[in-house]
Amino acid sequence: MTQQGWSKDEMARRVAERLKPGSFVNLGIGMPASVVAAVDPEDGIVFHCENGIVGYRALELDEQPDPATIDAGSAPVGLIPGASIVALDQSFAIARGGRLDVTVLGAFQVSEKGDLANWKAPQADLAGIGGAMDLAAGANEVFVMMRHTERSGALKIVRECTYPLTAPRCVTTIVTEYAVMRVTPTGLTVEQLADGVDRAFLQSVTEPELSFAELVTA
Amino acid sequence: MSKGVPVKSKIVASRHDAIAGLESGHSLLVGGWGGIGVPQRLILAAVQTAARNLTIVSNNCGMGQAGDVGELFRAGMVGKAIVTFPTSPKAVEFRKRYDANEVEVEVVPQGTLAERLRAAGAGIGGFFTPTGAGTPLAEGRETRVIEGREQLFETALRGDFAFIRVHQADAMGNARFRLAGRGFNPLMAGAAKVTVVEADEIVPVGSIAPDDVHLSGVFVDRVLGPEEIGSVEEGVE
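Residue numbers (my numbering), protein chains in the order written: chain A, 1 to 218; chain B, 1 to 237.
Note that these hints are calculated values from the structure, not bench results. A few of these clues could be false.
[Said to hold, decoys possible] Chain B side only, calculated, beta carbon under 10 Å to chain A, not exhaustive:
1) Gly35
2) Arg95
3) Val107
4) Leu179
[Stated by the list, open to error] What follows is a set of in silico ranges between Cβ atoms, one per label pair, in the way DEER data are often shown:
5) B:Gly76 with A:Glu209: 36 to 42 Å
6) B:Gly126 with A:Pro41: 39 to 45 Å
7) B:Ser207 with A:Gln64: 47 to 53 Å
8) B:Glu23 with A:Glu60: 28 to 34 Å
9) A:Gln64 with B:Ala66: 43 to 49 Å
10) B:Asn53 with A:Thr186: 51 to 57 Å
11) B:Gln65 with A:Glu60: 25 to 31 Å
12) A:Arg99 with B:Thr155: 23 to 29 Å
13) B:Lys96 with A:Leu61: 46 to 52 Å
14) B:Gln65 with A:Arg99: 31 to 37 Å
For each residue, glycine too, the CB sits at the ideal point set by N, CA and C.
Using the sequences and the accompanying hints, generate a full structural model.
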């Protein structure tokens with residue numbers, strides 16, 4: 001039995017709620033890209049892209065896109081007042097050099113220790129890394145935003161990753177359609193459950209044993 | 001009253017002059033990220049040469065756009081690709097060659113690729129980075145614990161040629177990029193023996209204020225402007 005949980009937009013809001021005002025944030029390809037549209041512009045969050053854009057925003061409705069401003073997935077974006085452009089070496093200096101507060105990435109698997117696997121399926125003959133390894137190794141915090149399980153039902157939140165790692169022990173927060181979880185030294189702690197999702201169900205789709213923060217009900 | 005400095009112009013007459021000397025076995029650094037900042041006319045000129053078994057260094061293996069690195073795979077010119085993201089579903093020409101075992105691929109993290117190119121341009125042999133430590137990339141590689149963190153040794157990456165796309169350039173090779181068109185371009189410009197710039201616009205020497213030059217002409221050997229003066233009868237556009 002599955003339970004419904006949050007929509008993709010609601011998941012983006014769960015991520016956005018956890019970004020500190022004024023922080024520097026990178027968004028990966030796919031589901032994480034939607035977070036840019038979920039933040040309050042008043043919070044002054046500065047979105048960084050691997051391509052060297054520091055300070056992008058979602059396009060306005062009816063806004064004519066500039067082909068030279070794109071996000072990590074090559075989708076058109078706009079620039080905020082005060083945006084800047086750097087070359088690729090400085091873009092990744094931002095990531096590795098401690099200036100990037102959060103990167104939000106998708107994942108194949110996340111372990112209870114915060115190991116991230118998101119670049120290569122074990123059976124793939126070839127896979128792309130892109131910026132994922134630099135971002136995962138470099139950002140101060142890695143948020144994973146993903147579906148809780150594979151379509152096949154295979155679990156993605158596991159005790160040990162069986163997929164090749166992107167970076168060890170880097171994930172701090174996992175947001176899925178069912179819950180928000182924090183990686184702690186003693187394992188995964190559920191911070192928030194989606195409406196209609198109960199503890200027993202969440203545990204049944206999660207390999208490591210979960211603990212629940214005090215405010216979490218159901 | 002300042003005298004004009006005699007400038008030996010780096011502007012070439014045609015795309016074919018721009019890439020003269022590109023030969024089989026060369027390594028070729030190709031700018032561009034996500035379809036922006038791609039030196040399309042230089043790539044299309046290269047396709048018309050007999051150069052084969054090139055090692056290309058690029059962010060990806062093509063996105064199905066005219067004039068992107070996919071053209072080099074289509075033409076069967078590539079023996080090895082050093083890239084960060086070869087697996088776009090749009091990289092059809094690459095995939096054909098890869099599946100036919102004609103192309104060797106080295107996949108490199110994007111920030112590591114940038115830094116390897118920067119190191120080459122800076123005359124630095126290599127560096128240690130935390131990127132890739134604790135992953136399959138580190139297997140069999142030299143690592144060192146620095147500041148309490150495992151780091152992976154990476155070497156500089158040089159090219160025989162670099163194809164660079166810029167927004168504006170002058171006859172000295174001073175150039176400016178536009179927005180996300182910058183990308184790898186300035187790093188590759190420093191890392192090659194022969195750096196060829198494809199400019200959207202040629203501007204008079206001195207018209208870009210010194211503080212506004214993104215890429216100094218010292219890194220540039222040849223400039224191809226939008227107007228090709230010489231022979232273009234072989235043009236493929």
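Requested in this report: With 25 to 31 Å as the target window, see if Gln65 of chain B and Glu60 of chain A comply at their CB atoms.
Outcome: The hinted range 25 to 31 Å holds for Gln65 of chain B and Glu60 of chain A, with Cβ atoms some 26 Å apart.
Requested in this report: Could you see if the CB distance from Glu23 of chain B to Glu60 of chain A stays within 28 to 34 Å?
Outcome: violated, 49 Å
Requested in this report: Check the following: the C-beta atoms of Gly76 of chain B and Glu209 of chain A are separated by a distance inside 36 to 42 Å.
Outcome: With Cβ atoms ~55 Å apart, the hint is violated.
Report task. State, for the Cβ atoms of Gln64 of chain A and Ala66 of chain B, whether the hinted interval 43 to 49 Å holds or is violated. Result -> violated, 23 Å
Query - Hint check: 10 Å Cβ-Cβ cutoff, Gly35 of chain B to chain A - result: Status holds, d = 6 Å.
Query raised in the report: Holds or violated: is there a CB of chain A closer than 10 Å to the CB of Val107 of chain B?
Result: holds, 6 Å
Report task. Starting from the hint 47 to 53 Å, judge whether the C-beta atoms of Ser207 of chain B and Gln64 of chain A obey it. Result -> Distance hint for Ser207 of chain B, Gln64 of chain A is violated at roughly 28 Å.
Query - Status of the Arg95 of chain B interface restraint (C-beta, 10 Å, chain A) - result: Where the cut-off is 10 Å and the nearest Cβ of chain A is about 9 Å from Arg95 of chain B, the hint holds.
Query raised in the report: Is the hinted range of 46 to 52 Å satisfied by the C-beta distance from Lys96 of chain B to Leu61 of chain A?
Result: Violated, since Lys96 of chain B and Leu61 of chain A (Cβ atoms, about 40 Å apart) do not stay within the stated range.
**Report entry** Whether the CB-CB distance between Asn53 of chain B and Thr186 of chain A falls inside 51 to 57 Å
**Finding:** holds, 55 Å
Report task. With respect to the beta-carbon atoms only, verify the hint that Gly126 of chain B and Pro41 of chain A lie 39 to 45 Å apart. Result -> holds, 43 Å
Query - CB-CB spacing for Arg99 of chain A and Gln65 of chain B relative to the 31 to 37 Å hint - result: holds, 32 Å
This entry does not satisfy hints 5, 7, 8, 9, 13, going by the numbered hints stated previously.
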